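These protein sequences, in sequence, are chains U and V. Residue numbering for the first sequence follows my numbering, starting at 63 and increasing by one per position. Residue numbering for the second sequence follows my numbering, starting at 63 and increasing by one per position.
Just so you know, the hints here were simulated from the structure itself, not pulled from any lab data. Among the clues, some could well be false.
Unchecked claim - Looking from chain V toward chain U, a few residues come up when the C-beta cut is under 7 Å (computed):
hint: 1; residue: Gln89
hint: 2; residue: Arg92
hint: 3; residue: Gln274
hint: 4; residue: Ser276
hint: 5; residue: Asn313
hint: 6; residue: Phe314
hint: 7; residue: Gly315
hint: 8; residue: Leu316
hint: 9; residue: Glu319
hint: 10; residue: Thr407
hint: 11; residue: Asn451
hint: 12; residue: Pro452
hint: 13; residue: Ser453
hint: 14; residue: Gly454
These figures come from a predicted structure and were not determined experimentally. Glycine residues also receive a C-beta, built at the ideal position from the N, C-alpha and C atoms.
2 protein chains.
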Amino acid sequence: LLGVCGSVSSLENGMARTPPMGWLSWQRFRCNTDCVNDPHHCISESLFMQMADIIVNEGYRDLGYQLVSVDDCWLSRERDTRGRLQADPHRFPSGIPALSDYMHKRGLSFGIYEDYGNYTCAGYPGILGHLEIDAFTFAEWGVDYVKLDGCYSHPTDMDRGYPLFGYYLNQTQRPMVYSCSWPVYQTYSGLTPNYTSIINTCNLWRNFDDIQDSWESVQRIIDYYGDNQQVIVPNAGPGHWNDPDMLIIGNFGLSYEQSKSQMAMWAIFAAPLLMSVDLRTIRPEFKAILQNKGVIAVNQDPLGIQGKRIYKDKGIEIWARPITPVFQGHYSYAIAFLNRRTDGTPSEVSVTLRELGLAYPNGYGITDLFDGVHYGTVLPDKRFKVDVNPSGVVLVRCQVIKGSAGAAR
Amino acid sequence: LLGVCGSVSSLENGMARTPPMGWLSWQRFRCNTDCVNDPHHCISESLFMQMADIIVNEGYRDLGYQLVSVDDCWLSRERDTRGRLQADPHRFPSGIPALSDYMHKRGLSFGIYEDYGNYTCAGYPGILGHLEIDAFTFAEWGVDYVKLDGCYSHPTDMDRGYPLFGYYLNQTQRPMVYSCSWPVYQTYSGLTPNYTSIINTCNLWRNFDDIQDSWESVQRIIDYYGDNQQVIVPNAGPGHWNDPDMLIIGNFGLSYEQSKSQMAMWAIFAAPLLMSVDLRTIRPEFKAILQNKGVIAVNQDPLGIQGKRIYKDKGIEIWARPITPVFQGHYSYAIAFLNRRTDGTPSEVSVTLRELGLAYPNGYGITDLFDGVHYGTVLPDKRFKVDVNPSGVVLVRCQVIKGSAGAAR
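Here chain U stands alone, though its shape is the one from the complex (with noise of 0.2 Å):
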């Protein structure tokens, strides 16, 4: 087995060069299998490919969310005669492969959820034992991406698991997206995951807690991602990702500000948007959050570097991440001004380029990307004033203006 682990040590699988976009179901849907009283609300086929068509009229998946993925809750309680697993038939009676078909007949790549334990979280059969007939079930049903949660399971065994089920899905040469929970549950253990290890695996990792319908818990997210940042931020790139975990914008817990927030920190964290709400009820002025092409183009930068925080005083964060275009070695930046203040009133940030890092000498344009407001041209030492809603963001792109050098001022 050693031997099989050296050889997978290098992700070589081509996908995610960057961050994933689509649905997910578990934080709005959950493990809802009561398809008799609540059949609107039950994780079944039928909640699924409601929200692939919507997914599709609605300019989602023109914006990048091309992904819908089943998580939890979607197997039987027992494997087949022959142990391969299989979908609850009451609430999947046409199969994974028929709703893998859907997916991909609308231009859509399909996701599944599975654990690298002896059970899910919920308690449906987990992979663990049947690795490699898993991966090739996933395959012959025309999975795109596997999310392998790590309930059930002992943290340190995630070190060969991991590798060794990705090392299998390679071996299907069916290329899969594959989502990993390995450091998060190594991190809850005390042990310190091997991230080099972890990046030659999987394309994204999820590093801390679930995330919960709360401003509370999108917050302690983005602090973990920022008092972490020198260990965590390095990792992102091309094909791997650090994964805050779903958009919960367009819920119950969030706030329109609050939503604007979390969606520009997901842009500075490169991370995967994965939303997970009603789509059928979402409110328009949400919808617009996600379907935001300014905040995806940075979420989506090429680049692939992670964002940080580069500045906390007062309740006041500024977070900053490299983007394209880059012009004489000089990057563009996303610049999020974040306010976790709750006193009512909005609060001003005053700052110049130049004290955030950005020193291009002819300047940036700078756009507001929600409220679409172009700044002009800002050289390094101008100052530069925004307002900031309590529990709000002002997310601005500040692009090099290509020219010579040197004329500024």
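Position chain V against the provided structure of chain U, taking the given hints into account.
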């Protein structure tokens, strides 16, 4: 002075027979005095006049929101040559009597803020040493409501000072609602408030923290009233109310669900409904919450009995408030089902009315006050189910069915 205090031991100003309703500047506009750079949001006569116009023109007044009250930062830094308080002349160029008159002409009442101490919380002149002259100044200006804060004073002095200022208010013979911060400052200092004296002095009083623009803050307040209900709740009644602080509905920090939760809980609390929001820009769904007639009717129920938490488990709370009509000794009730959970999917709560203490044999007519659904007549032992969204609420009115007793079950 002791003699004086003795003579003011009963509050007989006839005011606030139901909880005051209106608009206060603090939570949304704070101490923004920068009318040069931020003329539309600074504390100025113009702001209060604009709010008054909207309160009249958009139906708030006719629903009960009849108070417009100035909060801190309206004052000049110095008293006038006669030792009287004066408004900042640049921000209130017409003067306070004109502003008060503006309100009265529109069928509104006018409130003002001061502090029983050397300074207000924001550092403007306090009333200490000027109690009599300030009370008479307010009366002369046509003030209808005085909020008296407690910064820069000794909480031990408040047992004497708050009644003394109330005595002078009464001496003016102008009826003024008297809003006190007395118990909250004493509690913070480790003192036990003398609620008998407070009830006999103040029309309303703050028990706990200033509200902030967050669901977390609203939850802390809800917990305070639930955890201390044995001491706090009996003090409320017509003319004397616990004040859990302003409504933050329509601002930056609460989601739609959370906003309904605050409105519902403030109705259960028999709390003053003091909006602090920019009524010029509030979104229609939040305005609809503030203008919900059924919820306002619960809040303003003439019995004036504050509700209590009667169930709390696994993030689900049930709160009950006895209201009119009363028939054969049986109260009607407002019942709030509050979901404190953050897992992203609604929770079903199933109860019988008898479990909630509603045992009238003919049953209760039940109406959901937010979605308007009528459940018809529900007998005490009939199981009754509601789905409650995360950080949301279901508020129902359970009205006794008048009829011949003993017919049912």
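So, going through the hints one by one against the coordinates:
no.	hint	result
1	Gln89	holds, 4 Å
2	Arg92	holds, 5 Å
3	Gln274	holds, 4 Å
4	Ser276	holds, 4 Å
5	Asn313	holds, 5 Å
6	Phe314	holds, 4 Å
7	Gly315	holds, 5 Å
8	Leu316	holds, 6 Å
9	Glu319	holds, 5 Å
10	Thr407	holds, 5 Å
11	Asn451	holds, 5 Å
12	Pro452	holds, 4 Å
13	Ser453	holds, 5 Å
14	Gly454	holds, 6 Å
Checked against the numbered hints listed earlier, the structure breaks none of them; every hint is satisfied.
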